[in-house]
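Chains as they are written, first to last, in our numbering: chain X, 1 to 601; chain A, 1001 to 1085.
Hints should not be assumed to be uniformly reliable.
[Said to hold, decoys possible] One side only, chain A facing chain X, incomplete, derived with CB under 8 Å:
hint	residue
1	Ile1025
2	Val1031
3	Lys1034
4	Ala1045
5	Thr1060
6	Asn1063
7	Ile1067
Just so you know, these hints were derived from the structure itself, not from any lab. These numbers were taken from a predicted model, which means no experiment stands behind them. The beta carbon of each residue, even a glycine, is placed where N, CA and C say it ideally should be.
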Amino acid sequence: MHKALLLIVILLLSYGFWLSDAFKGIAAGVSIFLFGMLSLEQGFKAFTGGVLERILQKTTNTTWKSFGFGFLSATLMQSSGLVSVITISFLSAGLLDLVAGIGIIFGSNLGTTTGGWLIAGLGLKVNIAAYAMPLLVFGVLCVFQSSKHLKGMGYLLTGLGFLLLGIHYMKDSFEHFQSTINLSKYAMPGVKGLLTYTAVGILATIIMQSSHATMLLTITAVSVHQITYDNALALVIGANIGTTITAIIASFGANIQGKRLAGSHLLVNLLTGLFVLLFVKDFAIIVDRISEYLGIAATDKAMKLATFHSLFNITAIILFFPFINQQVMFLEKIFIEKRPNIFKPKYLDASAMDFPETVVESVRLESIHLYENAIHIILRTFGLYKRDLQTNDSLKQLIEQNNQPIEYDIDASYEKRIKGIYSAIIAFISQAGFTWQMTQSSKLSWLREANKHLVEAIKDTKHLQKNWTRFRASSNQATINEYNKIAYQIALHIQKIENFRHEIESNELPLLSLDILKAAIKNDDMQMNRTIETLIRERKITPETGSSLINDCAYMRSIKKNLLKTAETLFLHGTGNGGVEQQLALNDTEINDIVQPVDTK
Amino acid sequence: MKIEKLFHKLHAFFNTDKHKKRQDIEELKKVLLKLKKKERKIAHALQQTEDCNLRTHYQTELNIIKIQRKKGIEALQQLKERKKT
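Same shape as in the complex, but just chain X (with noise of 0.2 Å):
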């Protein structure tokens, strides 16, 4: 909330409190109904860590497990402002598609509305605080628990509890208001009604952040006859619309994908609002009925308000749900994404920080990107392009063809390419807040790990470039070779992860199809180190050239070495039997004994 509106609402609070003990009672009811969600939202928190990112992917593979899993979520965690926000840090990092956050979306908006159920069913028509007080207490004693998933279920239970007191504390308050102030004075009939009360909806959620808060105080308004129903009935219109708000703040630290679903919400949402203003007695009408079908009093407001806040999101969903494609082709067409740069980050937004899955995701495809930077660097350096590696043209021919002195300043492309997203990373790293029992810090170690190497494998490609320009420039054929011979293993080595990389998911034993690639690494080494030998001993080359092509040989294989393990990293992600794979990859020595000395003779 801005600092100029936070002190506006102070001082009217404050007012509000030395005007009515009962208004007192009231907002503090409110407060700690909001208190419980943010507890609730606490407690859901401690169960993520890889559980939600599994759920998540197998119940969003199509559109209705996707409803179903926002409705289910919604329903559990009484919030569809949290889901909101795990769906736009999910869609921000690349974990979910639109089209399933909508549906998403569609789903919790109406598993929320169990919560009007929930207060007009049991909570104005039962001791609600007899339930609250066994849930408080044992949930405190869970929170002093040093178990990560006890207290998380202490967080649960003590915020189920200050829910249910929230609601306790408003009944009695309303109770008591009535006696000292008549709210139904103020009620406005007609379409200046409609319009008036849908905008108090409207602010009254912006400010509470809850679209509960506000159907809470709507229901217990209604049921002790402070608002009349017609008013209660554009303020329930008016809270569903105001609910958009906690996406669109979520979206401002989101990419264009989250922009597009809060987007999304706040067009069907208001969309739906209009539709429902327009035909409002209709719907009273078949509220009525359904009413009458379930068995709820005709006289029994509370009930019917919380039929009237299911229907109007069932309506959302018979009118938008089947045109979810059109809705996202029509996003796409408003939040246009810039053309982005290869230069800056492009997946480190302030949304993915919310959970630890998104965090290392967000990283993983961060360092794809500056994997992709690097090789970059390291292909122009002798000349290449990325498409070369993708082309019939044979590599070698490539090289050799480019006989001309290769300019390419490494220092200007590593501050332009890496050095920024490189140092982005590093500190969006260091900003993740979670502890270091959890399995994502892990990732994000070997995440840091694989970005250090391909910084290192940068760093030898520049000690490689000053001999390799200079060499090339000489005379001796021999010398120009064997540079060339360098140049086309490292563009092989490329060559073999990239294909490496887009065969992978047909690939059943990913990291152990690696070990051929390090096989091949030591074995180019000592081939090359014998044809080097021989040169010498031929006298086609001198002793210093030989001493320099060695070294050289040296950087070569450091800068495959690099990005071997940068591709481990990066792209085995999530494949293949990890552990076990682990277990039988070869080691340095086991890879030594395989590799048989080449008879260059």
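Following the hints, complete the assembly by docking chain A onto the known chain X.
The following block gives chain A in isolation, referenced to the frame of chain X:
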């Protein structure tokens, strides 16, 4: 059948360590089977080709798979012995 499934889950819950060992053995067996299939495929390709460079490449790959399988079989034997104790 539902009760059997529930019993199996309860049994796994109370015998987490044994259950994990059994899972590890099953996963290792699957990987060893995949390696065996790969070995046969590469051996066949090696027989079919006459290109010198390709033969060297296939032979190296075959040698690698043989060592990976050897490591896997040793790991499997160790797991089975640990499961017995």
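Right, here's what the structure says about each hint:
Taking 8 Å as the C-beta contact cut-off toward chain X, the hint placing isoleucine 1025(A) at the interface is violated, the least distance being around 10 Å. The interface hint given for valine 1031(A) holds, since its Cβ lies 5 Å from the closest Cβ of chain X, which is under the 8 Å cut-off. Interface hint at lysine 1034(A): satisfied, since its Cβ lies 5 Å from the closest Cβ of chain X, which is below the 8 Å cut-off. Of the supplied interface hints, the one on alanine 1045(A) is violated, with its beta-carbon coming no nearer than about 13 Å to a beta-carbon of chain X, more than 8 Å.
Using the Cβ-Cβ criterion of 8 Å, the hint placing threonine 1060(A) at the interface with chain X is satisfied: the shortest such distance is roughly 6 Å. A distance limit of 8 Å between C-beta atoms decides the matter here; for asparagine 1063(A) the minimum to chain X is near 5 Å, and the interface restraint holds. Checking isoleucine 1067(A) against chain X: minimum C-beta separation of about 6 Å stays under 8 Å; hint holds.
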